[in-house]
Amino acid sequence: MKVVVLGCSRVGAVLAAWLAQNKHEVTVIDWEYNSFRRLPQDLEIKQIMGSGVDREVLQRAGIEKSDAFVAVTNSDNTNLMSAQVVKNKFNVSKVIARVYDPNRAKAFEEIGLNILCPTISSAELLKELLLKPEEEE
Amino acid sequence: MYVVVVGGGQVGVNLTKLLLAEGKEVLLVEKDAKRYAQLSDEFGENVILGDGTELGTLMDTGANRADVLIAATGADQDNLIICQTAKILYLIPKTIARVNDPKNEELFQTLGVDATVSSTRIIGSLIEEKIDPGMVIPLMALKGEVEIFQTELGPDSPFLNKKLSKLKLPEDVIIFAAIRGNEVVIPRGDTVFEEGDKILALTKKEGKEEFRKLFL
Chain A
253 MKVVVLGCSR
263 VGAVLAAWLA
273 QNKHEVTVID
283 WEYNSFRRLP
293 QDLEIKQIMG
303 SGVDREVLQR
313 AGIEKSDAFV
323 AVTNSDNTNL
333 MSAQVVKNKF
343 NVSKVIARVY
353 DPNRAKAFEE
363 IGLNILCPTI
373 SSAELLKELL
383 LKPEEEE
Chain B
2 MYVVVVGGGQ
12 VGVNLTKLLL
22 AEGKEVLLVE
32 KDAKRYAQLS
42 DEFGENVILG
52 DGTELGTLMD
62 TGANRADVLI
72 AATGADQDNL
82 IICQTAKILY
92 LIPKTIARVN
102 DPKNEELFQT
112 LGVDATVSST
122 RIIGSLIEEK
132 IDPGMVIPLM
142 ALKGEVEIFQ
152 TELGPDSPFL
162 NKKLSKLKLP
172 EDVIIFAAIR
182 GNEVVIPRGD
192 TVFEEGDKIL
202 ALTKKEGKEE
212 FRKLFL
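Chains as they are written, first to last, in the working numbering: chain A, 253 to 389; chain B, 2 to 217.
Looking at chain B on its own, in the form it has when it is part of the complex:
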């Protein structure tokens, strides 16, 4: 898989590291020459100097063969236009935008961005979680009202000591992973959840409300 990451700030850099560690082909695009010089020491050929919205830069990345483009700069307008040009001019199948103003998430998706990630919203939810344990933390909003979220199982969770297949989940919810300590468990029907497991689930918006009511 070939991933283009635009924006060499903290988010872009860490994402690039993560993807490289997973063995993916990654190209990081940074437009500031000074920052680029620092980054090229660390990333070598995996980073180029250029403006992600300029046609020339995207050509250099071989953008037309990228499977995914992630716009992770600090400015929402840049992230939106980077994703849109990638879609319109290069037909890149999947674009993901970092969103700083949570109001823009829905707008970006209306305008053709496939997925948005809002750290503002995640942090906001984490703060809420401190007040309301068992809070469902949204991690990523996908097209068509689908969300990925995370929730940690407390001592009173009805998920404990039951097989996944015996849990009556709402129709629109799939639990696709659980984080147990440093391990990631991909659950099957006979998986039994433990206290402290962080569950990752995919759900439609309606399903999430039902899920919250039933189990949390």
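Okay, chain A solo, but in the shape it has when bound:
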């Protein structure tokens, strides 16, 4: 699978490394050069510097021939806009955006975007952990 990851955040870097280890073709976009230091040196991961809401940058990252796009910058709005650019302008079958704000996540899910809301997911997991009975020592 060919994947473009926007945002070399911690999640972005871990995901890109996992994809590369599993023989997927990965390109990571970030506008901060230092962010690429999060990537492991021994894997083949293409790096593109630039803004992910700019379709020329997305084209340089090979978005037109990609199967999936994942937006995980630390800005909800950047993730939401770039996901919509990719959906509307390029023929990519799988597009996912990370959105921290639950309200925005809900609003954009309603109009058909594929959203991951870590705030809600974490709260759900925490609830499970809290409700799980303590194991006897």
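Take these hints with a grain of salt, some might be off.
[Claimed, not checked] Calculated cross-link-like contacts (lysine-lysine; reagent style DSSO-like; alpha-carbon spacing at most 27 Å): (1) B:Lys88 with A:Lys341; (2) B:Lys88 with A:Lys358; (3) A:Lys339 with B:Lys104; (4) B:Lys104 with A:Lys298; (5) B:Lys95 with A:Lys339; (6) B:Lys95 with A:Lys341; (7) B:Lys169 with B:Lys199; (8) A:Lys346 with B:Lys88.
It should be emphasised that the hints constitute simulated quantities derived from the structure, not laboratory data.
No experiment lies behind these values; they were computed from the predicted model shown.
Starting from the structure of chain A, add chain B where the hints point.
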């Protein structure tokens, strides 16, 4: 009319002043606390501190009763998402976005923003105008390929000394105002245009080309 303006930079501030002067009810939303402190000296209750994309902030503005929301921050992604959330969550009838990268104008409209204003494009056109007099300056792109533009009448303009009703305008063009010195003239059939008048017209894209060929 109740207008919410998001983004207290130069564009947002001047727009707020303009709208207040016209007697409109305006609320300016600024997310930086320092900038907000400066602005509240000037605008008092007409400015609030908050992030325009956050639900809470938009609730505070009473966004659900706003007639128009204008997103005028310096970042295109913020302006787009502000307008979209306003539409989806608050059903605000009209949203306008400032666009910094002209490439985004058409995209924003596809994604549901009602109108876009690109200062980059306007400035670009003004520079072109220096080379090509009689240039049609696009001021605002509206939904459905409709544009508002401005053009200044030079000494050789075929518009001069003729009644508006006698001008053979293309079908898709309406001249709705002329700026003469400091005055704004709303033209009627018997209005005669003068040299130096700045004409404001509403047109479909095809009409604009025809207009340019015929008269400029």
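Okay, the hints, checked on the actual structure:
| no. | hint | result |
| --- | --- | --- |
| 1 | B:Lys88 with A:Lys341 | 22 Å, holds |
| 2 | B:Lys88 with A:Lys358 | 14 Å, holds |
| 3 | A:Lys339 with B:Lys104 | 16 Å, holds |
| 4 | B:Lys104 with A:Lys298 | 26 Å, holds |
| 5 | B:Lys95 with A:Lys339 | 24 Å, holds |
| 6 | B:Lys95 with A:Lys341 | 24 Å, holds |
| 7 | B:Lys169 with B:Lys199 | 18 Å, holds |
| 8 | A:Lys346 with B:Lys88 | 25 Å, holds |
The structure agrees with every numbered hint stated previously.
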